[in-house]
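Enquirer: Below are the chains, spelled out letter by letter.
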Amino acid sequence: MKTRPSRFRLLALAAPAVVVLAAGCGSGAPADGRPERTGEAVDGAITVFAAASLTAPFTDLAARFEEAHPGADVTLTFAGSSDLATQITEGAPADVFASADTRNLDRVAGAELLAADAVPFATNTLELAVPSDNPAGISSLADAARPGVKTVVCAQQVPCGAATAQVEEAADVDLTPVSEESSVTDVLGKVVSGEADAGLVYVTDVRAAGDAVLGIPLPEAAGGTTTYPIAALAGRKDTATAQAFVDYVLGADGRAVLGAAGFGAP
Amino acid sequence: MSGASLPRWVVAIAVVGGLFVVLPLVALALRVDWPRFVPLVTSDSAQAALLLSLRTSLTAAFLCVVVGVPMALVLARTSFRGQRLVRSLVLLPLVLPPVVGGIALLYTFGRRGLLGSSLHALGIDIAFSTTAVVMSQSFVALPFLVLSLEGALRSAGTRYEAVGATLGAGRWTVLRRITLPLVLPSLVSGTVLSFARALGEFGATLTFAGSLEGTTRTLPLEVYLQRETDPDAAVALSLILVAVAIAVVGVAHRVRPLGGSAMPSIRPANDRDPVR
Chain A
1 MKTRPSRFRL LALAAPAVVV LAAGCGSGAP ADGRPERTGE AVDGAITVFA AASLTAPFTD
61 LAARFEEAHP GADVTLTFAG SSDLATQITE GAPADVFASA DTRNLDRVAG AELLAADAVP
121 FATNTLELAV PSDNPAGISS LADAARPGVK TVVCAQQVPC GAATAQVEEA ADVDLTPVSE
181 ESSVTDVLGK VVSGEADAGL VYVTDVRAAG DAVLGIPLPE AAGGTTTYPI AALAGRKDTA
241 TAQAFVDYVL GADGRAVLGA AGFGAP
Chain B
1 MSGASLPRWV VAIAVVGGLF VVLPLVALAL RVDWPRFVPL VTSDSAQAAL LLSLRTSLTA
61 AFLCVVVGVP MALVLARTSF RGQRLVRSLV LLPLVLPPVV GGIALLYTFG RRGLLGSSLH
121 ALGIDIAFST TAVVMSQSFV ALPFLVLSLE GALRSAGTRY EAVGATLGAG RWTVLRRITL
181 PLVLPSLVSG TVLSFARALG EFGATLTFAG SLEGTTRTLP LEVYLQRETD PDAAVALSLI
241 LVAVAIAVVG VAHRVRPLGG SAMPSIRPAN DRDPVR
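These protein sequence lines are chains A and B, in that order.
Take the UniProt record's numbering: the final residue in the first sequence is number 266, and no numbers are missing along the way.
Take the UniProt record's numbering: the final residue in the second sequence is number 276, and no numbers are missing along the way.
No wet-lab data here; the hints were simulated from the structure.
Every residue, glycine too, gets a C-beta built ideally from N, C-alpha and C.
Careful, some of the hints might be misleading.
Unchecked claim - Here are the in silico distance ranges between beta carbons for each label pair:
1) A:P147 <-> B:P231: 33 to 39 Å
2) B:A12 <-> A:E90: 26 to 32 Å
3) B:A243 <-> A:A260: 48 to 54 Å
4) B:T229 <-> A:A260: 31 to 37 Å
5) A:S140 <-> B:S118: 27 to 33 Å
6) B:G18 <-> A:P147: 27 to 33 Å
7) B:E213 <-> A:A79: 23 to 29 Å
8) A:A63 <-> B:W9: 55 to 61 Å
9) A:A63 <-> B:L89: 54 to 60 Å
My request is simple: use the sequences and hints to build the entire structure.
Expert: Written out as structure tokens, the structure is:
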């Protein structure tokens, strides 16, 4: 294959797209931490970095927040928490960080990038997901550990994998997975496609997958509950709007939307 | 350096473009934790990933040669209706996002896939196995071999083959003694490129094969996973992949200068008269 420098690539480089976020002038009102304030000028443009598992509820919450504060503009970015934490510590322009675990938020806190202390806003619990026809006839974690059953889990390195290890310990079951995926979405994908007989995913993933999978609650999973913290980030133009969004997530609307998606209260 | 006939701004933009490619690699090398480099790349999981990657990529490159040489010959030396369409389809994995390839493989060879359900009935399960890794790699690497070989076959022309045939050489003799020796350099560079593509395969493997140490977790997947907890290890392993890539490009470039004369300047590999 021949490779030639492409003129288009060079042009693209010569004219980098510069995205200018229109920052609101802001009233400079101090964030008082009360949820759902009214009458205060919350009219900035903010970027929220949130864990991939928060995609549905946060998309909903951002729309509601913009409705409540017509001047405000929320841009959402979803990815794995550790990717987001790395991007933030490498200087990505984020105003709010909602992580799927405390470890990754602590990394950002360790880099002294938080405007205020992180607050837990939701919890998530592991559940066993099986294809809707449950071909291996699984009803417990012990079934998933049977030889011949293709079970898929998250790798130890990612938050859902750490939670999986806790559940295994609590249940005194030793799973021999056929694959250790690097994200919970990949685990769910293997179950939805029917490649795997069972997978350990979050309750919220099972709910989001609808009829494609069957969720089997695990009595042992209480030990593997993950806490989601959220914080406004420091050194940004519109900390007031960022803090208002954090407060909104922590408030009654946030709880209702998150609860509907299957997230527990912290 | 010659080339004074070019406007200066063309050269300037070319330099910027070159930096755009090279600078990230320099930045990567600067991030390497050199004192820990050797322990990081020789850890058990890193070694398992490296060995698996080499094993599967070599197998995939071998499969590409076995299947790709006949494909290139058919595309270059025969004509049939719809040939242009067939060629485009064969080259499709080259431009397809690998994750799409993985999904396609899953729906073909997966347990509930087009062929997978019959295979499953025969007791053959491909998903989550090393076979699935090799298949993912071959799928994305095959076009590299077919493309470079077909191009070489076309520019080599059929003159020598025709002469050989008139002198009484059979089809197999012509193929073995004339055609293949003529395009050997392209075959080598195509094989090296497909090996390199197989080594870098990520998306299709992740989607189709899964990720388990020693079975399906190749080096790119290990880099992706290590990044979660140990960015230093990810950087060190990345550098190994970069080094392999540089070596491969060097070999492919030396055997057949990319963009150079399409007609190989070497004589047939053995020095006897190719046609007897």
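Enquirer: Evaluate the given range 23 to 29 Å for the C-beta pair formed by E213 of chain B and A79 of chain A.
Expert: At roughly 24 Å between Cβ atoms, A79 of chain A and E213 of chain B fall inside 23 to 29 Å, so the hint holds.
Enquirer: Within 31 to 37 Å or not, the Cβ separation of T229 of chain B and A260 of chain A?
Expert: Holds, since T229 of chain B and A260 of chain A (Cβ atoms, about 32 Å apart) stay within the stated range.
Enquirer: A range of 26 to 32 Å was offered for this pair. Does it hold for the Cβ distance of A12 of chain B and E90 of chain A?
Expert: 29 Å, holds
Enquirer: Is 54 to 60 Å a correct range for the gap between the Cβ atoms of A63 of chain A and L89 of chain B?
Expert: Violated, at about 42 Å.
Enquirer: Using the beta carbons of A243 of chain B and A260 of chain A, state whether their distance is inside 48 to 54 Å or not.
Expert: 50 Å, holds
Enquirer: CB of G18 of chain B to CB of P147 of chain A, is that within 27 to 33 Å?
Expert: 55 Å, violated
Enquirer: Could you check the hint for me, namely that A63 of chain A and W9 of chain B are 55 to 61 Å apart, CB to CB?
Expert: 47 Å, violated
Enquirer: Given the hint of 27 to 33 Å, is the C-beta distance from S140 of chain A to S118 of chain B inside that range or not?
Expert: 32 Å, holds
Enquirer: Looking only at beta-carbon atoms, does the pair P147 of chain A, P231 of chain B fall within the given range of 33 to 39 Å?
Expert: 37 Å, holds
Hints 6, 8, 9, counting from the list given before, are not met by this structure.
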